[in-house]
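Knowing the structure of chain A, use the given hints to seat chain B on it.
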Amino acid sequence: MPHAADTVAATAEQVPEIPAELTIPKLFLQKARHYGSGRVAMREKEFGIWRPITWQEYLDNVKYIALGLIQLGLEDGDKVAMIGDNRPEGLMAEMAALCARGVGVWLFQDCLMDEVRYIIDHSDAKFLVGEGQEEVDKALSIIGDCPKLKKIIYDDPKGLRHYKQDCLISLKEVEALGRELEKQKPRLFEELIQKGHGEETALLFYTSGTTALPKGALLSHHNMLSMGRSLMTIDPCQESDDYVSYLPFAWIGEQMMSISCGLQIGYTLNFPEDPATAQENIREIGPHVMFAPPRMYEQMVRTVQVKYLDATWLKRKFFEFATWAGYRYADAKFSKKGIPFQWRLLHAIAMATVQKKLKDHLGMSRVRNAYTGGAAMGPDHFRFFHSLGVNLKQIYGQTEVAGISVVHRSTDIKFDTVGHPIPGTEVKIGDDGEILTRSPSVFKGYYKNPEATAKTLKEGWLYSGDKGFIDDDGHLVVFDRTKDVFTLKDGRPFAPQYLETRLKFSPYIKDAWVVGDRKEYLAAVMCIDYAVVGKWADERKLNYTNYQELSQMPEIYDLVEKQIRQANKDLPDVARIRKFTNLYKEFDPDDEELTRTRKLRRAFVEKRYKVILEALYSAATSVHIDTTIKYEDGRESRIVTDLKIVTTTT
Amino acid sequence: MGETAASKGNDVLLELKDVSMYFGKVAALVGASLKVRKGEIHSVIGPNGAGKTVMMNCISGLYRPQKGEIHFKGERVNHLRPHERATRGMSRTFQKVEVFGGMTVLDNIRLGRHIHLKTGVLSGSIYLGKTAKEEIENRKFIEEEIIDLLEIEHIRHKPVGMLPYGLQKRVELGRALALKPDLLILDEPLAGLNLEETEDMARFVLDINEDPRWNITCVLVEHDMGVVMDLSHRVFVLNFGNTIMDGTPQEVQNNPEVIKAYLGEEDLYATRR
Chain A
4 MPHAADTVAA TAEQVPEIPA ELTIPKLFLQ KARHYGSGRV AMREKEFGIW
54 RPITWQEYLD NVKYIALGLI QLGLEDGDKV AMIGDNRPEG LMAEMAALCA
104 RGVGVWLFQD CLMDEVRYII DHSDAKFLVG EGQEEVDKAL SIIGDCPKLK
154 KIIYDDPKGL RHYKQDCLIS LKEVEALGRE LEKQKPRLFE ELIQKGHGEE
204 TALLFYTSGT TALPKGALLS HHNMLSMGRS LMTIDPCQES DDYVSYLPFA
254 WIGEQMMSIS CGLQIGYTLN FPEDPATAQE NIREIGPHVM FAPPRMYEQM
304 VRTVQVKYLD ATWLKRKFFE FATWAGYRYA DAKFSKKGIP FQWRLLHAIA
354 MATVQKKLKD HLGMSRVRNA YTGGAAMGPD HFRFFHSLGV NLKQIYGQTE
404 VAGISVVHRS TDIKFDTVGH PIPGTEVKIG DDGEILTRSP SVFKGYYKNP
454 EATAKTLKEG WLYSGDKGFI DDDGHLVVFD RTKDVFTLKD GRPFAPQYLE
504 TRLKFSPYIK DAWVVGDRKE YLAAVMCIDY AVVGKWADER KLNYTNYQEL
554 SQMPEIYDLV EKQIRQANKD LPDVARIRKF TNLYKEFDPD DEELTRTRKL
604 RRAFVEKRYK VILEALYSAA TSVHIDTTIK YEDGRESRIV TDLKIVTTTT
Chain B
244 MGETAASKGN DVLLELKDVS MYFGKVAALV GASLKVRKGE IHSVIGPNGA
294 GKTVMMNCIS GLYRPQKGEI HFKGERVNHL RPHERATRGM SRTFQKVEVF
344 GGMTVLDNIR LGRHIHLKTG VLSGSIYLGK TAKEEIENRK FIEEEIIDLL
394 EIEHIRHKPV GMLPYGLQKR VELGRALALK PDLLILDEPL AGLNLEETED
444 MARFVLDINE DPRWNITCVL VEHDMGVVMD LSHRVFVLNF GNTIMDGTPQ
494 EVQNNPEVIK AYLGEEDLYA TRR
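Top line first, the protein sequences correspond to chains A and B. Our numbering applies: residue 4 is where the first sequence begins, and numbers increase by one. Our numbering applies: residue 244 is where the second sequence begins, and numbers increase by one.
Rather than coming from a laboratory, the hints here were simulated on the basis of the structure. Among these hints, one or two may not hold up.
[Said to hold, decoys possible] Straight-line C-alpha distance at most 25 Å; calculated PhoX-like pairs for lysine-lysine:
| id | chain 1 | residue 1 | chain 2 | residue 2 |
| --- | --- | --- | --- | --- |
| 1 | B | K383 | A | K161 |
| 2 | A | K175 | B | K383 |
| 3 | B | K401 | A | K360 |
| 4 | B | K339 | B | K401 |
| 5 | A | K310 | B | K401 |
| 6 | A | K538 | A | K565 |
| 7 | A | K362 | B | K339 |
| 8 | A | K48 | B | K281 |
| 9 | B | K281 | A | K161 |
| 10 | A | K613 | A | K647 |
| 11 | A | K161 | B | K423 |
| 12 | B | K281 | A | K318 |
| 13 | B | K339 | A | K48 |
| 14 | A | K647 | A | K538 |
| 15 | A | K48 | B | K401 |
| 16 | A | K522 | A | K647 |
| 17 | A | K538 | B | K401 |
Chain A extracted, bound-state conformation (with noise of 0.2 Å):
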C-alpha cells in the first residue's frame, strides 16, 4: 500500500468561521425574516402542481407547531422522531423540534417494526411525528413497549376517521396549540430559539450499521452548521438555485444538503409528489445541485442502458459516438494534460447531438455539481456521468461528522479516490491503515453508549473503521470497511467492492455479491434486475412465471455468466470470479440483507446463504434451498428451488 503523506490537512481555502453561539433555528430565524414573503423556500408538488411556499410560510408553520409542542409537554433536550416520505411538513417538524430546543431524531420511511420500536425506545422519544395512516399503524403497535412516547403526530388524515386513540393528534391541531400559546405568551418562540447554543445537541442519528444494532450518533448545532459552510466555501451555491429533496431525510446526507448547506445558503428546495414520481420530477425542476448515493446513479445508468437497447440503429450509433467522444474527452480531462483540439470539438458535436438531450432526460441539464457518497461507485459509473458532462464527485464521510469531510475539487478528479479532505478537516491515516478524521464537526458522542463513543473518538480523533490510503496526489483512497478487505490466494489484499460495482455497470445485475476470503478463488453471488432480465427474456420468447424461475433458466444464466466475463476481464488470474450461482430473490433491507442505504450487510449474508457458499467451493454443480421469506406485515412463505452452480469459463 502506497503511503505518500500520514497526514493530510484541508487545502488553503479560507472558511468564515461559524460563531459558537449560532444555531440552526438562530440562522433559520435570520434567513426567514430576511426573505420574508418575498422568497420561495420549498416547493412541493401536490395534484400536479408545483405549490410554493415563502419564506414567511415556513417561519409560520414552524413557530405553530414548536408552540404546539411546548404546549404539549416538550421540554428541553426531549427527543422529537420522525418518520415519512420527503414533504414540507417533515422538515418544519424538524425544524420546529430544533426551535422548541428539543432534538430531531429521523427513522427511515421504509423501517421495520422492530427497527422503529428499537430506534423509539432507545432514543427516549416524546413525540412521533409521522406522515399518515402507515406510520401511525407502526407507532400505535409499538407505544406498548414504548413507555415514553407520549403523543404521535399526523399531517394526513387519510384512511384515519376511525382512529379515536388519546395519544393522537394531527398536525394541524398542535398547530392551532400553538396559536393559543402564542397569544398568551406572544414573545416565547424567539426567546426559546435565543436561548439556543451552537454546543447543544440538534439531532441524533442512527447510523445505518452494516455490522450490529444502529448506534445514535448525537451531533450538535455547530457540527452541522460548520460542515455545511466548509463545503459551500468550496462549491457554492445561490440562493437562486434550486435542490430537490427526494432521499430520506433519516439518511445524514439530505440533512446536510437541505438543513446544513440549504439554510446556509437559502436555496429552494423541491419535494416530489410521490417517490415514485421523484425521477420525473428532478427533470421538471432541473437542480443546481445533486447528492445522491451510488445507487441513485446507477439506476440511471441503468436506464440509459436499456433505452439504448430498445433504440433503433441509427440512434443506437449515435448514442455509441458520442459516448465514444465523451469518454475520450474525460479520460484526457481526468489525466490532467489538458484537452486536445480534435476531443473538444467531437465533444462537442456529442454533446450537440446526444448528450444534451440525455442530460435533460436524466434532469441533469443544469447540475453544478453532482456528489455520490455513502458507498463505494464503480470507475465505469463514475466515467459514464463525466462522459457527459457532469460534474460528479465522490465524497467521504459519515454520520459521526454530520455528513462529510472529503471530497473532490471541480479542478482535480480522480474516479477512484474521494478528493481532498475539506476545510478545517483534517484526515490521517492510523497504524493499521485506519482513516482518522478530524475537524469542528466531529460528533459529540454515541448516545447511552460510552463504550462504542471511546472506540471511535480518541483525542478529537475520528477512528472510522474504514481502511485507505493518502495517494501521491495528496487524495484519500477509501479501500473498503476493514473487515470487509479479502486476502487473495496470493497474500495480496482486495476489496470485493470493486467486483461488485463493475459487475453492477451491466444493466442485467442488480446485485452482485463476492465472496472468496483467503479461499483458492473468488466465486459470487448474483441477483438479476427483474425488470431488465425479463424484458430480454420477453424479447426472446422464454417463458417464466416470477423471479425465481427466471433467475434459474440457463439462458440467463449465460447471460449472467456473460457479465462476468466482462467483469473479470483485465484482471489478474486469482481475482477472477470463478464459480457463480443466480439468488432466487434480490436483496432486500427488510430481510436484513442490505442496509436502508443499500450496503450490503456480508457477515449476515454470509450466514443466511452458508449452504450456497460452501456449495460454491465444493465440487457440487446444484445447491437445494428450502427457506422460509418473511414479509413485512408478518406473513411467511417458503421457497424450495435448487440454484445451479456454474463455473465461468475465460
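Chain B in isolation, oriented as in the chain A frame:
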C-alpha cells in the same frame, strides 16, 4: 361492519322489484327483489353463473329485463338507456376492465367526467370565460379528489394499455368516480389482483363509501368472501338466478342454505388471509 348498517337509515336508493331476465329458455334471473339503501355497501354473491353480472347489467341498463321494475331514486328507470341512467347518478366498473388502452390515465378519467361538461362545441373551441372555468374546476376535481385518492400520480400520463392489470382496475374505478355518482356498481373489483392490490382496492372502496367527500352507495359483486364479509353492510345471495337470501353478513354466514349452495362443503369460503 354489520352493526352500522342499521344506522344508515331506510332511504332506499335503488330498488329491484321482482326482476326476471331470460335468454331464450334459460332463466338467468328469476324474480329478484333487492333494496339498496343510501350509504350502504350491498354485496351480491353467488357461484359462477348465478346471474350476478346479469343483475348488474339490468341495473345499469345494458340489459332490459322482461319482467319486473327497477327504481332509482324513486324513479322507474326500466326504459332508460345506460347513459341516461349515468346522468341520474349511476356508474359502474366491469368484471374485465373496459378502459381505452391507447389513451392516458388522465384522459380515461376525464372521459368519465364528460357528462358534467356543459359547454358546447362552439364555446369549447374558443375556450374563454365559462369553458375555461369549467375546465379548471374539473381539473381540480380529477386531480385533487380522484388521482390523490387512488394514488396514481406516478402513472398520470402513461397509456393505460401499458399498465399492469391491477393499475388498470384502479383507473377504471377512477373513471367511474369521475361521474361523481350516487350509486357505484363494482363488478368483481378484486378479480385477478394480488394480495397487496386487493388490500389497496378494499381500502379505496371503504374510502369512497365512508369518506364524507364521497359517501357513495356501492353495489359490490365479489368472490373474495373475506373482503365481502368485512366491507358489506348487507349481502344478497343468488344461485342459478334464484334469490337465496338478503341479510347482514352475519345472517348470511349462518344461513344453512347459503352454506350449502355457496359457502359450500369445502373451502369455497377460502379468504385470502
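Against the structure, the hints:
1. K383(B) / K161(A): Given that 25 Å is the threshold and the Cα spacing comes to 18 Å, the pair holds.
2. K175(A) / K383(B): 23 Å, holds
3. K401(B) / K360(A): Answer holds: K401(B) to K360(A) is near 21 Å, not above 25 Å.
4. K339(B) / K401(B): Holds, because 20 Å separates the two Cα atoms, which is no more than 25 Å.
5. K310(A) / K401(B): 17 Å, holds
6. K538(A) / K565(A): 17 Å, holds
7. K362(A) / K339(B): 41 Å, violated
8. K48(A) / K281(B): Status violated; Cα separation ~36 Å.
9. K281(B) / K161(A): Holds. K281(B) to K161(A) sits at ~23 Å (cutoff 25 Å).
10. K613(A) / K647(A): Holds - the C-alpha atoms of K647(A) and K613(A) are around 15 Å apart, at most 25 Å.
11. K161(A) / K423(B): 19 Å, holds
12. K281(B) / K318(A): Measuring from Cα to Cα gives roughly 59 Å; hence the hint is violated.
13. K339(B) / K48(A): Since the Cα atoms of K339(B) and K48(A) sit roughly 34 Å apart, the hinted pair is violated (cutoff 25 Å).
14. K647(A) / K538(A): Within the cut-off at roughly 22 Å; holds.
15. K48(A) / K401(B): Holds, at about 18 Å.
16. K522(A) / K647(A): Holds. K522(A) to K647(A) sits at ~20 Å (cutoff 25 Å).
17. K538(A) / K401(B): OK: K538(A) and K401(B) at ~19 Å, within 25 Å.
The structure fails hints 7, 8, 12, 13 (numbered hints given earlier, in ascending order).
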